[in-house]
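Protein chains in written order, with the numbering used here: chain A, 15 to 159; chain B, 501 to 759.
Simulated from the structure, these hints should not be mistaken for laboratory data. Hints may be right or wrong, so weigh each one.
[Unchecked claim] The list that follows gives simulated cross-link-like pairs (lysine to any residue, SDA-like), each with its CA atoms no further than 25 Å apart:
id	chain 1	residue 1	chain 2	residue 2
1	A	K146	B	E611
2	A	K89	B	P606
3	B	K653	A	A37
4	B	K573	A	S30
5	A	K55	A	K89
6	A	K146	A	G95
7	B	K664	B	M639
These are the residues of each chain, in order.
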Amino acid sequence: MHELTIAQNVIDSVLSEVEKNGATKVLVIEISIGELMQFDKDAFVYSLSILLNGPVLGSAKLEVKIENAVFVCRKCSRSWGMDETRKQLRQVENGLLIKEPDGMEVPLHFLPQLYSTFVHCPDCGSSDILLKDSESVRIAKLIVE
Amino acid sequence: MKMEHRTSYAVDAARKRLDQIGAVILVGSGKGGVGKSMISSAIALTLSSQGRRTGLLDIDLHGASIPEYLDLKPPLRSGENGLEPKRLGKLRVMSIAFFAGDNPVPVRGVEKEDLIAHLMALTNWGELDYLIVDLPPGMGDELLSAFSLFAHKCRLLLVTTPSKYSFNVVSLMCKLAARERVPLAGVVLNMSYMLIGRRRTYPLGRVDRSLLEKAIGARLVTEVPLEPRINQRRFQEVLKGNSELTKAIRDLTKTLLKA
Numbered sequence: 015m016h017e018l019t020i021a022q023n024v025i026d027s028v029l030s031e032v033e034k035n036g037a038t039k040v041l042v043i044e045i046s047i048g049e050l051m052q053f054d055k056d057a058f059v060y061s062l063s064i065l066l067n068g069p070v071l072g073s074a075k076l077e078v079k080i081e082n083a084v085f086v087c088r089k090c091s092r093s094w095g096m097d098e099t100r101k102q103l104r105q106v107e108n109g110l111l112i113k114e115p116d117g118m119e120v121p122l123h124f125l126p127q128l129y130s131t132f133v134h135c136p137d138c139g140s141s142d143i144l145l146k147d148s149e150s151v152r153i154a155k156l157i158v159e
Numbered sequence: 501m502k503m504e505h506r507t508s509y510a511v512d513a514a515r516k517r518l519d520q521i522g523a524v525i526l527v528g529s530g531k532g533g534v535g536k537s538m539i540s541s542a543i544a545l546t547l548s549s550q551g552r553r554t555g556l557l558d559i560d561l562h563g564a565s566i567p568e569y570l571d572l573k574p575p576l577r578s579g580e581n582g583l584e585p586k587r588l589g590k591l592r593v594m595s596i597a598f599f600a601g602d603n604p605v606p607v608r609g610v611e612k613e614d615l616i617a618h619l620m621a622l623t624n625w626g627e628l629d630y631l632i633v634d635l636p637p638g639m640g641d642e643l644l645s646a647f648s649l650f651a652h653k654c655r656l657l658l659v660t661t662p663s664k665y666s667f668n669v670v671s672l673m674c675k676l677a678a679r680e681r682v683p684l685a686g687v688v689l690n691m692s693y694m695l696i697g698r699r700r701t702y703p704l705g706r707v708d709r710s711l712l713e714k715a716i717g718a719r720l721v722t723e724v725p726l727e728p729r730i731n732q733r734r735f736q737e738v739l740k741g742n743s744e745l746t747k748a749i750r751d752l753t754k755t756l757l758k759a
């Protein structure tokens, strides 16, 4: 459900860029999604493809990339990826799981910027950590004419 | 034409939500502990009880206290048009605490801006007459993000206590608002006095109106009393009836509606 809402928001944002730049046609849309969001990529691409129609968007080439989550601890310099993070996310209290029509999601599915609330360094336990690259959904490249 | 600036959709989506909102009132101070969240909650509850479609957004990322005031708890629910705000009667409320629960939120720098835009964008506010935004202490990322995101639709209501140390910080916020061209709704003097029987006492010192206005650089709109019952009862119960606090908040709301 969240994927559909985000797809609509992304297309709105693309159309707003098109209007701002006085363009008439979108040629390429590249979207990056942070792995931390645990997005259903297929559902997202399907939702986008339904929305890509009409003279402005109809011939746009779409590319959606999942960016690997790499965390670095600012305290002890340890780095780690999503596998170790998943273990920590399984410990998110039940009371914080967000109810969707088709199941439950961790808060980071909606607000990945909150990663340091739920993820900590597997070695020293610090929350002073950094997530390299994008944590959320971004329009990485947009080519219009 | 090629654009490669890694745009987040969230700011556009947040502005789309704002299109459905009549006016935004930012409640801030710069100083901590002056009662911003109490004033925000009280204004929101009062507007809502008067039949105005009202939302309350808590962007005090590191110390969200709106859910405590209003006794609202996670979990959130997601629907067709985004995340459903928590409801208290007809009042719609969103806070970072509904995501983080009792866990700390150690977020840095620009991530805060992204977080606030996403929080605004994700929430299915629907059509609102008023959105009250509870700001955190300080004049950093959250405040600048709020000024930028809500520009053209917002007014800033300042909150201070009778302390001259508070005046100093609040005056800095007043100057910053002027630089950023955010209109002021005035200043609230919170914890101004206490009612003992029918007599007003001034436990934090009596403040001269013109001195306060001069020191801060804003018009005093209301004096709000210190109300110890806030710590003992549910906030919405304290606000009911005809207490000094209730009257002060009604006056404040009336002034906000006139402007």
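Non-conforming hints, listed in increasing numerical order
Numbers 3, 4 and 5, in rising order.
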